[in-house]
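Each chain, written out:
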Amino acid sequence: MIWQLDLAILTLVVIVGIGAITVKDLLGAAIMFGAYSFMMCLLWSIMGAVDVAFTEASVGAGVSTVFFVAAVFRTTRRTKD
Amino acid sequence: MKVTGLIIAVLAGALLIYATVDFPPWGDPKSPASLHVSPHYIEKTIEETAVPNMVTSVLADYRGYDTMYETTVIFSAGVACFLLLRIFRRKESAERLYRHVLTGVTIRLREGKLPPSDDFERIDTAWTPHDLIIKTMCRLLVPFIQLFALYVIAHGHHSPGGGFQGGVMLGASVIVLAMSQDLRTAVRRLREKVDALLCATGVFIYAGTGALCLLLGANFLDYSALAPLLHVDPIMARSHGIFIVEIGVGIAVMATMIWIYCNVSSRGEYDEGL
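Sequences listed follow chains A and P, in order.
Count the first sequence with my numbering and you get residues 1 to 81, in order.
Count the second sequence with my numbering and you get residues 1001 to 1274, in order.
Keep in mind the hints are simulated off the structure, nothing from the lab.
Just so you know, not all the hints are guaranteed correct.
Claimed, not checked - With beta-carbon atoms standing in for the labels, derived distance ranges: (1) I15(A) <-> I1087(P): 19 to 29 angstroms; (2) R74(A) <-> F1023(P): 34 to 44 angstroms; (3) R74(A) <-> G1104(P): 23 to 33 angstroms; (4) G48(A) <-> R1139(P): 31 to 41 angstroms; (5) W3(A) <-> V1101(P): 48 to 58 angstroms; (6) A1014(P) <-> A71(A): 45 to 55 angstroms; (7) V1101(P) <-> I46(A): 22 to 32 angstroms; (8) G1104(P) <-> T11(A): 49 to 59 angstroms; (9) N1219(P) <-> G48(A): 25 to 35 angstroms; (10) A71(A) <-> G1005(P): 20 to 30 angstroms.
Think of the CB as a built atom: it goes at the ideal place given N, C-alpha and C, for glycine as much as any other residue.
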């Protein structure tokens, strides 16, 4: 485990997570969630949990982003608050 | 109100971070989890289940109940999306729009419908042209995605992967088809009823394997009881039992992902989708 890499990815996770809840554009938030999942996937694989990383990549970064985009496409793109 | 929420969130977060200090450090050999349970799994997995990847054996055998209810949760999510979103229109408007694929001429039928053919595709009023490059690339990619997904399911005993990941990828291959063409093309290949049936079948395979073990006189989900049926010794029977269960998980997850996508992307109307 390289601690510099670990720290860099952790920082990115926090930044992307805050970005996902503050951004006004919901499509942007969906993409942010995808990036968040991908960073978490990298973290899992750094810690040696390859199965969890695989699930995170396929479910979190893959299919759930598609669901978010589909939901945004069928509702509104801007948040009310 | 916003300030109160922020204060509560910061306080709860600080409390959680404060509590993590009490956790044993990452990879600590003296932590309670790695003193009793983990050594047993690490040392005995091959002897007891003949599965090289111990994550798979823990997921589907030692902790089989967890995975069974996870599959049930996925199934419930699919059913909930269906019940919330699906619209059964009593009277569909008799007018249908068809587009000639080669020339782009759109015709409108007052009533009746055209027989299914490659020359005409049915469209909606909100039709947007498809991109040729994306369409062709997705059509080329889909079989390889499905092949890799089957490999992930079948090879879960030896490498990372298993029913869940493989099922998600199988579902994603159909979703890719539905996004690059339109939802009707995908639904024509996998009907809604078939999809819903597959969804339930997956959960049934998992729970049914457990019940079969119960009928054969062992505990629920104790696959070694399947040995006389599979004509192998009890240890290999556990390995095969894990595989049967993984197939069930794969089918359930695949069908649920497609079901949720169809309902969300078309607002439950099963029209053109995205």
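**Request:** Take a look at whether the Cβ-Cβ distance between V1101(P) and I46(A) falls inside 22 to 32 angstroms.
**Result:** Since the Cβ atoms of V1101(P) and I46(A) sit about 49 angstroms apart, the hinted range of 22 to 32 angstroms is violated.
**Request:** Determine whether the Cβ-Cβ distance between G1104(P) and T11(A) falls within the hinted range of 49 to 59 angstroms.
**Result:** For T11(A) against G1104(P), whose Cβ atoms are near 51 angstroms apart, the range 49 to 59 angstroms holds.
**Prompt:** Is it true that the C-beta distance of R74(A) to G1104(P) lies inside 23 to 33 angstroms, as the hint says?
**Reply:** holds (26 angstroms)
**Request:** Confirm or reject the claim that I15(A) and I1087(P) have a C-beta distance inside 19 to 29 angstroms.
**Result:** violated (40 angstroms)
**Asked** Are W3(A) and V1101(P) spaced within 48 to 58 angstroms by their CB atoms?
**Response** Holds, at about 57 angstroms.
**Asked** Do the Cβ positions of A71(A) and G1005(P) conform to the proposed distance bound of 20 to 30 angstroms?
**Response** 24 angstroms Cβ-Cβ, so the 20 to 30 angstroms window holds.
**Request:** Take the C-beta atom of A1014(P) and the C-beta atom of A71(A), compute their distance, and say whether it sits inside 45 to 55 angstroms.
**Result:** violated (33 angstroms)
**Request:** Using the beta carbons of N1219(P) and G48(A), state whether their distance is inside 25 to 35 angstroms or not.
**Result:** Given about 32 angstroms between the Cβ atoms, the range holds.
**Prompt:** Is it true that the C-beta distance of G48(A) to R1139(P) lies inside 31 to 41 angstroms, as the hint says?
**Reply:** holds (37 angstroms)
**Prompt:** Should the hint that R74(A) and F1023(P) are 34 to 44 angstroms apart at their CB atoms be regarded as holding?
**Reply:** holds (42 angstroms)
Hints 1, 6 and 7 from the earlier list are contradicted by this structure; the remaining hints agree with it.
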